[in-house]
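Student: Residues per chain are reported as follows:
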Amino acid sequence: MALAAGEVSRLRTTVASLRLAVLQFMADPQWLVPSMIAPVIFGLVSFELFRGAGPYFLTYAILGAGMMSMWGQTLYGSGWATGQDRVFGTLEPTIQSPSPYLYVVLGRILWNIVIGLVGGGIVYGVVVVAAGGPPALPNPALFVVLFLFVMVTLASVGVLFAAAYVYTRYAGFIQNIGEFAFYVGTGCMFPVILLPFWTNPIALLFPPTWALDALRYVSIPGYTGFGWGWQVDLVGAVVSTAVYAGIAGGIFHRVERHVLEVGNLSEY
Amino acid sequence: MSDDAAIEVRDLVRVFESRKGFLFREVVRTEALKGVNLRVRAGSIFGLLGPNGAGKTTLVKILSTLLLPTSGTAQVLGHDVTRETDWLRPRIGLVLGGERGLYSRINARENLRYFADLYGIPVSERERRITEVLERVDLSSAADRRVEEYSRGMKQKLHIARGILHRPAILFLDEPTIGLDPKSARETRKLVRSLIQDGVTILLTTHYMFEAEELCPELAVLSRGRVVAHDTIPGLRSRVGGDRTIEAEAYGFEDREVDALRALPGVSKVASEEYGPRTRLTLRMRTGVTGVEHVKAALREHPELTIRERRTSVEDVYLDLVEEEAS
Ligand SMILES: Nc1ncnc2c1ncn2[C@@H]1O[C@H](COP(=O)(O)OP(=O)(O)OP(=O)(O)O)[C@@H](O)[C@H]1O
Ligand SMILES: [Mg+2]
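Chains A and B supply the protein sequences, listed in that same order.
The first sequence runs contiguously to residue 260 in our numbering.
The second sequence runs contiguously to residue 338 in our numbering.
Bound-form chain A, shown alone (with noise of 0.2 Å):
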């Protein structure tokens, strides 16, 4: 696509930020904690907590863990590294620059993903050590497209949390208080039907919910979930995630102007 003059390609934005997103995590070790020692931690906990549930419990427990951490990684990830734009004072640059944030944080969102993933496996390896054996999947090869398609639906969750944070300083609030409720509400610890029924209508709003009840629904026989299949699953979560995808854009372009408005990009 050719570029007007002074536009910069969105590929080469997404690229540089992915790129600088490795270059810090590299040079600040303390993200070994989170990445990949909490995997670990989660890992067994959740193995201790679904023992006996069930002959599929094995399974429970990889679901209940690696969603744990890549959630954290993913949706989390995503957020706070806006955040620390602003504490590092570089968001002022980096808006100033003819590169849209939106692009900016999309890069971060894909090194973010690559770590969720990091972490989900290390959940898999450990469960699968603590339990002597894999678990039965009766569809491994679905069981992987739909688990890297659950962290798309993160990711498109993550970007809402970015814009916040180019919104304002005090998004760290918002996302606190929203990724509790979201991590439940989606279903990411226990399945969505467990909860109070009230909840699932709006549970419905958020990509992971669908894609992770099809998760459950390939990977363990006998599930019922919402009670629909896992193709109905499929198809809410890739429409839901391309509403959440159109709406990241025009919410970005607006936050951009927003904060233009306000005045706001150097607190911190």
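Calculated from the structure, these hints are not laboratory results.
By construction, the Cβ of each residue, glycine as well, lies at the ideal position given by its N, Cα and C atoms.
Honestly, I wouldn't trust all of these hints.
[As the list claims (entries may be wrong)] Stretches of chain B that chain A covers, calculated by requiring three or more beta carbons in the stretch to come under 8 Å of a beta carbon on chain A:
# : stretch
1 : 96 to 105
2 : 113 to 123
[Unchecked claim] Covered by chain B, according to a simulated footprint, are these stretches of chain A (three or more residues, beta-carbon under 8 Å):
# : stretch
3 : 12 to 25
4 : 71 to 84
5 : 88 to 98
[Unchecked claim] Distance windows between CB atoms, simulated:
# : chain 1 : residue 1 : chain 2 : residue 2 : range
6 : B       : Pro62     : A       : Gly241    : 40 to 50 Å
7 : A       : Val7      : B       : Asp91     : 29 to 39 Å
8 : B       : Thr142    : A       : Val79     : 26 to 36 Å
Let chain A serve as the given structure and place chain B with the ligands on it in line with the hints.
Tutor: Relative to chain A, chain B with the ligands alone:
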């Protein structure tokens, strides 16, 4: 807008609203700019002076598309800063400086690489440009060290390097030499001058009057959100009514002595300041009418008198202007 203006500002007002108190009750309004008019010629260095809180940074941020004005208009390179940000951003260089604003855990080169990408510098040119600007700000030898290990001055230089990396047509420098040692500050001023030869227009804010005098053929003084002077250096000097300054110091002066000095021909201003037990009188005057000997004669009752004559500096002019505005 006239052809040769790089910046044209009309009736620019910016109000900040901040909230304070429990549950964000009280809204505090700060009028940072109260109707600023300004015109900066293309291809020149323009100085913006003013005391703390005068509105310099606010103006720079509006002109560099980081802040929207509350009312009024501003055009940079002939384009509106609120509507034509997409066109303007790649052509603007901004140096806000300070300890922050950089990724401190990675090295200088990586910082520049990231911003080179954000500014869309051609990939084939990127490394060469980075090496070039690092050399220009004298950071080549520290290029691969983490920015967190940098001294304040080194960070300042890196800020400048980033500001010029994408070869902007207009460069905003907010206190570029703050935190630099005298040698680095001098080199930075040299760098700023050399940018002019590349055809860049520069707007520079500073607290150092000698810096403005050295670099800026034209400058404006901002005070409490208003332009209180917009002139050339010689113009500013003459405006205060005297290109010579005489300072006389002793242990206190009588009112009648001060009045006698005021009455001397060519004297436009006599200001008095206490320095511990001593008092300093500062006289502003035109060349060739009244000299040191006349002042000495008027103050002959003070054996302990010390007296000194010098050219009126822009610093004097500036202080006069800001004082006038404050009173
Ligand atoms: N984000 C903001 N919110 C509220 N008030 C602000 C904000 N930014 C600036 N101000 C106020 O606007 C006025 C002008 O500030 P500005 O930073 O433009 O001054 P300045 O001339 O750059 O000062 P200095 O020489 O200290 O850098 C000050 O009264 C300041 O308190
Ligand atoms: Mg300032």
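Student: So, for every hint listed, does it hold in this structure?
Tutor: Structure-based check of each hint:
no., hint, in the structure
1, 96 to 105, "holds (count 7)"
2, 113 to 123, "holds (count 6)"
3, 12 to 25, "holds (count 5)"
4, 71 to 84, "holds (count 4)"
5, 88 to 98, "holds (count 5)"
6, B:Pro62 - A:Gly241: 40 to 50 Å, "43 Å, holds"
7, A:Val7 - B:Asp91: 29 to 39 Å, "32 Å, holds"
8, B:Thr142 - A:Val79: 26 to 36 Å, "30 Å, holds"
Violated hints: none; the structure is consistent with every hint.
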